[in-house]
Amino acid sequence: MHIPDNYLSPATCGTLVVAMAPVWTVSVLTVKAQVKKHHETLPMLGIAASLAFLIMMFNLPIPGGTTAHAVGGTLLAVLIGPWAACLALSVTLLLQALLFGDGGILAFGANALNMAVIMPFVGYGCYRLGQKLHHEKIGLAVGAYLGINAAALIAGVELGLQPLLAHTASGAPLYCPYGLNIAVPAMLSAHLLVAGWVELVFTLLVFQFVKRVAPTNLYQTPVKTNRRPWLALLVGLAILSPLGLLASNTAWGEWDTTELTHLLAQQHLSTQAPQGMVHGFHFQALFSDYAIAGLPVSVGYILSALSAILIFLLLIRGLQHGTETTD
Amino acid sequence: MEPKQPTNLPAWLQAPASTTSHATRVTFWQRNQRHLRALLRRLAQPAPAIQPRWHLAPQINLIRLLLLVLLIALIQNAVLLWCLALLLGFQLLWLPPGQLRRFVRSWLFSSVVAVIIVLPSYWLNGPATLLFFSLKTSLMLANAQYYRLTTPFQDLLSGLKSLHFPDVLIMTLAIAVTYLRMLGQHLLLTMEALETRTVAPTKHPYRLIGAMFGNLYLKSYAYALELYAAMEARGFNGHYVRSTPTHSHWRDYLSLSPDLLVLILFVLWRP
Chain C
44 MHIPDNYLSP ATCGTLVVAM APVWTVSVLT VKAQVKKHHE TLPMLGIAAS
94 LAFLIMMFNL PIPGGTTAHA VGGTLLAVLI GPWAACLALS VTLLLQALLF
144 GDGGILAFGA NALNMAVIMP FVGYGCYRLG QKLHHEKIGL AVGAYLGINA
194 AALIAGVELG LQPLLAHTAS GAPLYCPYGL NIAVPAMLSA HLLVAGWVEL
244 VFTLLVFQFV KRVAPTNLYQ TPVKTNRRPW LALLVGLAIL SPLGLLASNT
294 AWGEWDTTEL THLLAQQHLS TQAPQGMVHG FHFQALFSDY AIAGLPVSVG
344 YILSALSAIL IFLLLIRGLQ HGTETTD
Chain U
929 MEPKQPTNLP AWLQAPASTT SHATRVTFWQ RNQRHLRALL RRLAQPAPAI
979 QPRWHLAPQI NLIRLLLLVL LIALIQNAVL LWCLALLLGF QLLWLPPGQL
1029 RRFVRSWLFS SVVAVIIVLP SYWLNGPATL LFFSLKTSLM LANAQYYRLT
1079 TPFQDLLSGL KSLHFPDVLI MTLAIAVTYL RMLGQHLLLT MEALETRTVA
1129 PTKHPYRLIG AMFGNLYLKS YAYALELYAA MEARGFNGHY VRSTPTHSHW
1179 RDYLSLSPDL LVLILFVLWR P
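Order-wise, the sequence lines are chains C and U.
With my numbering as the guide, the letters of the first sequence map in order to residues 44 to 370.
With my numbering as the guide, the letters of the second sequence map in order to residues 929 to 1199.
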């Protein structure tokens, strides 16, 4: 899954490094907070990075006489926490790119996004969900399988977009020559059929061993987290939502067929909308475009926003663990 | 005086030993052990980094590598790429013959692997795209390989520090490389012990691997506790001290000039 150099355009590489910058910042800040409680986390980051290196290097037998290797993203997230795993895996990828020639130097951001963010966080999310439903092993197995496949899917999309993003005037691709129709199935089939199962079995067995031998060495999710920043963010976004009323035109890519036909005609591309869109599935929402019949658009917009916030708050309230006792 | 008993060897010892060598299948254990030994050899005795005539500051070396890789990725002009290849070729002239052979071997291997992946695109886009892509990828790999060959790990850390990378990252990198060797050694010994004690093929190799890596994680945890205790004992305060002065000299900036010239040509030249 390590994307080498020259497979992604410099623009894609740059964008993905920029996208990774806030993730790394939050990781460092979270790990610093984690270090205050568990001092060993600091050296553990480096040691976990070398452990991840060895996991990626170790070939596992698969039926048919060949071998494959695990990545260990979900496993590390469960063992040392997702943010620490993100940092440790990023360091492993940097080492591999700079010292061992595995994975590109420019493509470091893309590889970090796939293997150090998507894989551990998807895996850890599933594991936590399984824990809440009292089936942590099932959650971990699903997380390991989904984590690696989600990462493979994103890697396939990154590669498959290149012929569309960077090509010569004659249409010849400048970087990865395979489009989405080849890159995504190629990446996904290999991971859905082989690598995903290898990752699942490997993660589950190592987790079982550690849990049996030293359960206290597993990452303990903080019981109480400071939710104030998240609440402030949500309230801030809710307050800012009426800004959407200032926009007069339809957002890019959200056109209906009439608008699209008009735009295509303006650009001298076509005089009719694509057939797939014209004859495709059309869902009539209850409050289409946040408008309520008989009310001004602005009132409908605000009422829709308030309704959505209320529904989500009720959902969150309903899913919370109750503290009341039953007699 | 002659001995009464003949000193002939027993018949079973006189019979020629059957030394038929069966072409045994290399098991995944052996393959992993081979890979691990190669890694440990490389970490234990890293090839001495060649000191070029002009010893450049580590951060300049790192910037130079990034600039070159970026330029090669951006440039679609064959002449400019040729210039960059010539530049690298001149640098390679300074390498001792043994190191040069090592460079070529490693570079060819990685280039072949990279080209094999894009080989089927010949039927999609024709030979021109494939050839251009292969040449660019090979040139990038050659530059990265040259950097690896001429830069010791300590210089990489100093370079990152000079470029204001966070201390946590640099310390993590330093610990990772140090403990990669220790954990690798532990893994290899475990595998050798398992192989020595196993008399029949393992029924569930995955269970064994799970136990092995679980054990390795617990070992890592123990190492982390010991390491933190040692760090505290030595007055660790969370800051990574710069070991060598890394001030850039005018020669460092001069060394960037050919790459910058190509960059200017890339921006201004429209053939």
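Honestly, the hints are just simulated from the structure, not real lab data.
These figures come from a predicted structure and were not determined experimentally.
Every residue, glycine too, gets a C-beta built ideally from N, C-alpha and C.
Just so you know, not all the hints are guaranteed correct.
[What the hints assert, rightly or not] Looking from chain C toward chain U, a few residues come up when the C-beta cut is under 8 Å (computed):
no.	residue
1	44
2	48
3	144
4	221
5	223
6	257
7	258
8	262
Hint check:
no. : hint : in the structure
1   : 44   : violated, 13 Å
2   : 48   : holds, 5 Å
3   : 144  : holds, 6 Å
4   : 221  : holds, 7 Å
5   : 223  : violated, 13 Å
6   : 257  : holds, 6 Å
7   : 258  : violated, 11 Å
8   : 262  : violated, 11 Å
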